[in-house]
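Protein chains in written order, with my numbering: chain A, 1 to 498; chain B, 499 to 683.
Bear in mind the hints are in silico, worked out from the structure with no lab data behind them.
There may be inaccurate statements among the hints.
[To be verified] Listed below are several chain A residues computed to face chain B (Cβ distance under 7 Å; list not exhaustive):
hint, residue
1, 93
2, 97
3, 148
4, 347
5, 443
[What the hints assert, rightly or not] Mimicking DSS-like on lysine-lysine, the simulated pairs with C-alpha atoms at most 25 Å apart in a straight line are:
hint, chain 1, residue 1, chain 2, residue 2
6, A, 180, A, 270
7, B, 508, A, 436
8, B, 671, A, 470
9, B, 634, B, 673
Note that CB positions come from ideal geometry on N, CA and C, so glycine has one too.
The residues making up each chain are set out below.
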Amino acid sequence: MSKKSDHYALLSLRRDASSEEIRRAYYDAARRLHPDKTDSARDYELFLEIQEAYQVLADLKKRAKYDASLPPEPAEGDLIRQNILYSRQEVTRTREPQLIYVLLEYSAAVDESSPSAPPLNLCLVLDRSTSMRGKSMDVVKATAIQLLRRLRPEDTLSIVTFSDRAETIIPATENIELKKLEARIQMLQTSGGTEIFQGLESGYNEVLRGLKESCAAPTRQVNHIILLTDGRTYGDEERCLELARKAAEDGIGISGLGIGNEWNDDFLDKLASLTGGSSLYVSRPQDIQHILLEKFNNLSQVYAKESTLEFKLSEGVDLRYAFRLQPEAGLLPVESPLRLGPILKDSDLKILMELILQPPGDQTEIVSLLEGELKASVPTQPYSLPPIRINLVRPVSNSSGLQTPPEEILQALSHLTLYRLQEQACLEVAAGDYTKASQRLQRLAIHLIEQGERGLARTALLEAENIQRKYEFTEEGKKQIKYGTRALLLPGQKESPA
Amino acid sequence: MIICPNCQHKDFSGALFCSQCGAQLMAAVSSAMPSGLRQKDPMVTISSNVSTSSTTSKQKTGSKPAPSTGSAGEARIILHLLESGQILPLAERMEFSLGRVSEGQPIMPDIDLTPYKAYDKGVSRLHAVLRRVKNKIVIMDLGSSNGTYVNGNRLSPQIEHVLSHGDTIHLGKLKIQILFSPDEK
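From just these sequences and the hints, can you work out the full model?
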């Protein structure tokens with residue numbers, strides 16, 4: 001242990017935690033670190049420390065004495081800074097429901113003394129079904145080898161391939177004989193179908209193995225599965241999603257790279273979002289390399305991982321939509337806890353929420369929208385940090401005067417609106433409302449033209465026609481529009497080929 | 499409730515963009531429209547000899563959002579050439595003639611459709627004209643040989659016909675879909 005531990009930080013508690021909160025935090029930690037559960041020496045050490053911490057904190061007298069001995073509590077902004085923007089300064093006293101947008105921003109308060117990135121524990125899960133033959137497989141092999149060569153001694157990279165069944169090509173070991181591993185990768189051959197669950201499960205097991213073998217506590221590593229696929233999986237989607245939930249709880253993220261046009265984007269988006277990971281569209285095989293390397297770079301830039309927002313909505317408030325704008329754009333499932341993904345050193349985490357509020361009561365002066373806590377762990381810090389409190393409230397005003405929303409919210413929304421037009425068009429096609437869907441895509445095209453996105457606008461118009469004629473999207477057009485509009489959300493980045 | 503000036507959809511108050519058509523709902527803050535901020539690729543016309551030089555500069559100003567209500571002067575018409583999929587935004591002028599340039603003839607339509615196989619499709623040299631009249635966009639056939647059709651109905655020459663967003667017009671056999679920018683009725 002580097003420094004004398006703070007009992008509160010050890011149990012990820014705030015100093016004003018109630019006895020009940022202390023008890024719960026202790027039991028959670030004790031269950032996780034119990035010697036029956038784990039045989040890591042470090043976990044045992046931690047286990048002893050939380051015993052000690054609990055003995056002090058559970059006793060009111062001892063706790064008071066301990067509190068007095070503590071240096072002042074580090075401000076919440078010491079490790080992660082939180083910034084909240086609202087689309088309006090006040091809500092209106094009205095008889096109708098009203099919308100309010102909230103932009104949450106979290107940035108790393110980078111500590112000069114800990115410049116090194118946390119160790120990575122990654123697993124590449126590669127689709128080797130017949131359809132990957134040729135260029136796709138060649139690029140995947142070359143990129144995997146490139147990744148292997150970039151690893152630092154403390155990193156772990158395992159590789160699993162799958163078709164109808166999974167095979168571990170490179171297990172999560174630490175002693176890497178580079179030449180041998182490269183040869184194994186080169187030998188990969190394509191055959192068979194696509195059963196994602198097979199690969200995902202093996203990948204998950206490898207990441208777990210990676211946790212145990214490096215005897216650092218799991219919170220110190222960045223654990224991630226990167227799934228590359230070009231096909232649809234049939235019948236095992238639910239099992240995959242189940243596994244993703246489990247992975248999220250174990251602190252393992254999943255990101256998906258979909259290659260070409262045949263893969264199931266809705267499925268991959270969902271799979272990734274359950275863990276705070278991201279989904280990426282690779283339209284041409286030659287793009288696999290830079291997209292995968294970029295993903296790898298992002299993971300190396302992780303400052304705080306598994307940031308999770310646990311929240312409770314106030315009565316009369318609904319969260320209609322939540323979207324991560326940065327560092328990797330993606331729709332978030334509207335449920336607590338919201339898994340937001342990592343906060344990178346060089347890129348803030350930005351979440352945009354759309355809340356709908358029922359009319360406030362006549363006497364209400366201040367409405368509360370949402371209360372919650374952001375939890376995250378900073379791997380370079382010895383303990384997980386205390387949760388960051390978030391409390392969204394707005395005063396109520398009688399006038400409904402024009403309020404200028406912050407520029408940042410407008411900017412984000414002007415792009416997000418395009419993504420949502422696309423979403424609605426997809427829903428309309430699914431519902432058989434072809435005329436509406438087609439009109440919506442035409443509107444989308446006009447907005448895209450206005451923003452200088454001619455290629456994408458053209459794709460949207462072609463799809464509008466397609467829907468009228470064939471009553472469906474082309475797979476290619478649908479993905480290009482979806483991920484193309486999504487890419488517009490990222491500053492200075494372009495995903496759309498077209 | 500907020501009513502979208504573009505598509506009349508009723509949205510919750512507090513909405514900033516119409517959930518139906520994507521139009522920005524708050525005119526007062528239109529300076530934040532990305533098209534106004536992002537200067538890249540301002541409406542440059544596609545690779546064709548459509549009078550680029552005369553239109554681009556005007557189109558740049560046109561890419562800025564309209565202040566408050568969409569007056570006719572700010573409207574933008576977009577031609578979508580159905581066969582080739584190409585998109586031709588038009589600048590804020592009051593009138594455009596559509597046709598094709600032919601060698602040795604001094605006739606110069608505002609929009610030259612030669613690159614879109616106008617000759618093969620039977621487009622006359624001066625085929626039709628698009629015109630702004632108050633808040634409306636109208637089309638008028640200029641006595642073309644093969645006629646102008648709106649949604650399949652042939653127009654009588656020299657008589658104005660009001661166009662709606664999404665109408666398909668035929669100049670001879672050349673099919674063009676007419677799209678209006680969001681602040682246009």
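Verification of the hints:
1. Using the Cβ-Cβ criterion of 7 Å, the hint placing residue 93 of chain A at the interface with chain B is not satisfied: the shortest such distance is roughly 12 Å.
2. With a cut of 7 Å, the hint placing residue 97 of chain A at the interface with chain B holds, because the nearest CB-to-CB distance is about 6 Å.
3. Because the beta carbon of residue 148 of chain A sits about 38 Å from the nearest beta carbon in chain B, more than 7 Å, this interface hint is broken.
4. At about 20 Å, the closest approach between the beta carbon of residue 347 of chain A and any beta carbon in chain B exceeds 7 Å, and the interface hint on this residue is violated.
5. Interface hint at residue 443 of chain A: satisfied, since its Cβ lies 5 Å from the closest Cβ of chain B, which is below the 7 Å cut-off.
6. Straight-line distance between C-alpha atoms of residue 180 of chain A and residue 270 of chain A comes to about 36 Å, which puts the hinted pair past the 25 Å bound.
7. With a C-alpha separation of about 17 Å, the suggested pairing of residue 508 of chain B with residue 436 of chain A holds against the 25 Å cut-off.
8. At most 25 Å may separate the alpha-carbon atoms for a hinted pair to count; residue 671 of chain B and residue 470 of chain A meet this at roughly 23 Å.
9. With a CA separation close to 21 Å, the supplied pair residue 634 of chain B and residue 673 of chain B stays within the 25 Å bound.
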